[in-house]
Structures are given as C-alpha cells and as structure tokens.
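Visitor: Using the hints, position chain V against chain B.
Protein chains in written order, with the numbering used here: chain B, 477 to 646; chain V, 15 to 162.
Check the hints yourself; a few may be wrong.
To be verified - Chain B regions said to be covered by chain V (calculated; three or more residues, Cβ under 8 Å):
#1 603-616
#2 621-633
To be verified - Residues of chain V clear of chain B, computed beta-carbon distances all greater than 10 Å:
#3 K57
#4 V93
#5 T118
#6 G140
#7 G151
#8 K152
No wet-lab data here; the hints were simulated from the structure.
Note that CB positions come from ideal geometry on N, CA and C, so glycine has one too.
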Amino acid sequence: MNNFEERYTAWLDGALDENERERFEAGLPDCEAARAEATEWAKLRGLLRETLVPAPMPHADFLNSQVLAAIHREEPKTESAREVVGRGWFSAGRLAWAGAFLLAVAAALSFVLVPRNGGAPTESQFISQVVDARSSDPKLGAYAFAAPGGKGAVLWVTDAGYIPANERIK
Amino acid sequence: MGGRRFGAIFWVALAMLAVAGAARAEDNIWAALVLATNEHPAKAAPKEIAPYVRGLRPVFGFNTFYLLGEKTQNLREGVGAWIVPSKVVFLKVRCLDRDATSYTVQLDLFVRKKLVVTSKVKLARGAPLYIRGPAWGKGRLVFILEVR
Numbered sequence: 477m478n479n480f481e482e483r484y485t486a487w488l489d490g491a492l493d494e495n496e497r498e499r500f501e502a503g504l505p506d507c508e509a510a511r512a513e514a515t516e517w518a519k520l521r522g523l524l525r526e527t528l529v530p531a532p533m534p535h536a537d538f539l540n541s542q543v544l545a546a547i548h549r550e551e552p553k554t555e556s557a558r559e560v561v562g563r564g565w566f567s568a569g570r571l572a573w574a575g576a577f578l579l580a581v582a583a584a585l586s587f588v589l590v591p592r593n594g595g596a597p598t599e600s601q602f603i604s605q606v607v608d609a610r611s612s613d614p615k616l617g618a619y620a621f622a623a624p625g626g627k628g629a630v631l632w633v634t635d636a637g638y639i640p641a642n643e644r645i646k
Numbered sequence: 015m016g017g018r019r020f021g022a023i024f025w026v027a028l029a030m031l032a033v034a035g036a037a038r039a040e041d042n043i044w045a046a047l048v049l050a051t052n053e054h055p056a057k058a059a060p061k062e063i064a065p066y067v068r069g070l071r072p073v074f075g076f077n078t079f080y081l082l083g084e085k086t087q088n089l090r091e092g093v094g095a096w097i098v099p100s101k102v103v104f105l106k107v108r109c110l111d112r113d114a115t116s117y118t119v120q121l122d123l124f125v126r127k128k129l130v131v132t133s134k135v136k137l138a139r140g141a142p143l144y145i146r147g148p149a150w151g152k153g154r155l156v157f158i159l160e161v162r
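The shape of chain B in the complex, shown without the other chains (with noise of 0.2 Å):
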C-alpha cells in the first residue's frame, strides 16, 4: 500500500493493524472529519448489506423445472446445427445418388459379364465342344470327338499334310 487511496480505503474498511492506523490517522490533515466520512460510510455499507440481501426464492423447483424445458428446446437446435456441419460432401443426398449411381454400374457390368443364357451354368459348359468343323479341300476332313476325361475335345483333321522330317518347324 504506498499510495494515499489504498491506505485510506484499508483505513475506512478497517484493515490497517494498531501502528499502521495510528501512523495514517497521525498523517491525516483533518483527522476528525476522516473520522466522520468513516463513520458514514460504515453506516452506508451496513445499510447496503441489509438492503441487498438476496431474497430467499419461493418456488426454487419450479424455476428449476423452467431452466430445464427451455435447456429441451435448445436441443433440436443443436440437431439442426449439426446437420449443417454434416452437408459436405457426403450428406444423404448425395450418398443416395452415389448408391443410385453403383446399383446402375453394377448393372450394367452384370449385363456385360454375366452369361446371357441365365440360370446354374450346366455340367456341358464346362466342356470343350467342336460345334462345326470344315475344310474347303475336298480331300481333307475333320471331325471331332471327346477327348479322355470328359472335358476336353479333338478335332481331328485328316491328311493335313506331310512335312519332311528335313524340313524346319519353327
């Protein structure tokens, strides 16, 4: 407390110590009217403190029930604020035209790459067929057969030719 102010407002409040009041009282100009401004403001502040006690609250339940239905009808705000946050990119919206958009290609891959003949593939598609064998030479032919096993085929070509064993394949 160096200056003037804060000692003089400690003095009125009371909180200076003996030497510290006795000190500050023998500085004072007019000793006997700070007294009095003391006086005062002791009366002032014992007035305030009556004035401004704070009333004891009649129906302290209902104003709690009151806080708590208007906390309730701030929440859907809140709801609606994150809806805001969550229209990126990725809102419903357009997570439905995304899902819209796969079904459509998977669609048309599925018409692409899946036989349209439809059902179970059967036992004979898993078997190499020869549907049609020809030759325009006359001399030559060509049939076909069941290779052993089951799935595999021949086409058996008759005279396709003689090649010299001098003669280079590859």
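Guide: Okay, now just chain V, sitting in the frame of chain B:
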C-alpha cells in the same frame, strides 16, 4: 465421420467392381505346338505339356511329346489373333462369343499358308482342345489350345 465412412465404402466397392470387370476381361488362350513321336524308350514330356500327356497318348498313339512352340494370347470378343508357334503351321483364332464359363472361337488352321480347316469351337476354361495337324517325319504335329 459417417459420411466419410460411406464415401470410402462407395469408392472401395466401385474399385472392386472395376477390378472384377478387368479380371474377367483378361482371359487368355494358351496354344502349344507339339511334336508327337514314338521313341524307345519313351522320353518324359516337358513340364509345360506334361499335364496333357495322359490325354494325348491314347488319342494319337504316340509315347513321346516335344514342345515346339507355345503362345498365350488375350481373348477379346470380335478380335482375331494369329497364333504362330511355327513357320510351317499356324492358327488364326477369333473370339466370337463368351459366357461365364467358356469362349466360342473360330479356328483357322493353316499349313504352309494354305487354309486346311475352319472350325467353330466352344472352349471351356481348363478343358483343352487337341488338333491333329500334319505328319512330320515319323511323327505328328498336334496343337493344344486351352483357355486360362
């Protein structure tokens, strides 16, 4: 957070569909030109054609098989490809149609640039086609075709 998760699922699903489509489009036809002969004692077939020897022996009546050439060709509908493992005999393969388990192809067998036979064949995956070709010396040339 949920939106990002849905987005990730969407893109992963789309990528999987694309990969599935690409994988389905990458079926290949493998063709091998084999020289079948009778030797005493019989010699073991090379590993590339060893799985087919059990089918080749009883059909063609030879005990030894040599691999003269092989080629793997991508199968695409409507696209023709020459399979030329030899200068003397070669095949032209054209994919006509396909379904989930097999390809329908047109085969043209040429011997010394002369068309010997034209055939329409349904080739199932893993079910080989053997074509009896011209004789060579004391042996016989055989084509093996298989969708892989």
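Visitor: Could you run down the list of hints and mark each one as holding or not?
Guide: Hints versus structure:
Residues of the segment 603-616 of chain B lying with their CB closer than 8 Å to a CB of chain V number 12, which satisfies the three-residue condition for coverage. Interface restraint, the segment 621-633 of chain B with chain V: holds (10 residues with C-beta to C-beta distance below 8 Å; minimum three). Look at K57(V): its CB is around 17 Å from the nearest CB on chain B, clear of 10 Å, so calling it non-interface holds up. Taking the minimum C-beta to C-beta distance to chain B, about 16 Å, the non-interface status of V93(V) holds against the 10 Å cut.
Non-interface status of T118(V) relative to chain B is broken: a Cβ of that chain comes within 10 Å, the nearest being about 7 Å off. With a minimum CB-CB distance of about 7 Å to chain B, G140(V) fails to clear the 10 Å threshold, and the non-interface call is violated. With a minimum CB-CB distance of about 3 Å to chain B, G151(V) fails to clear the 10 Å threshold, and the non-interface call is violated. Distance check for K152(V) against chain B: the nearest CB is about 7 Å away, which does not clear 10 Å, and the non-interface claim fails.
Comparing the model with each earlier hint shows violations of hints 5, 6, 7 and 8; every other hint is respected.
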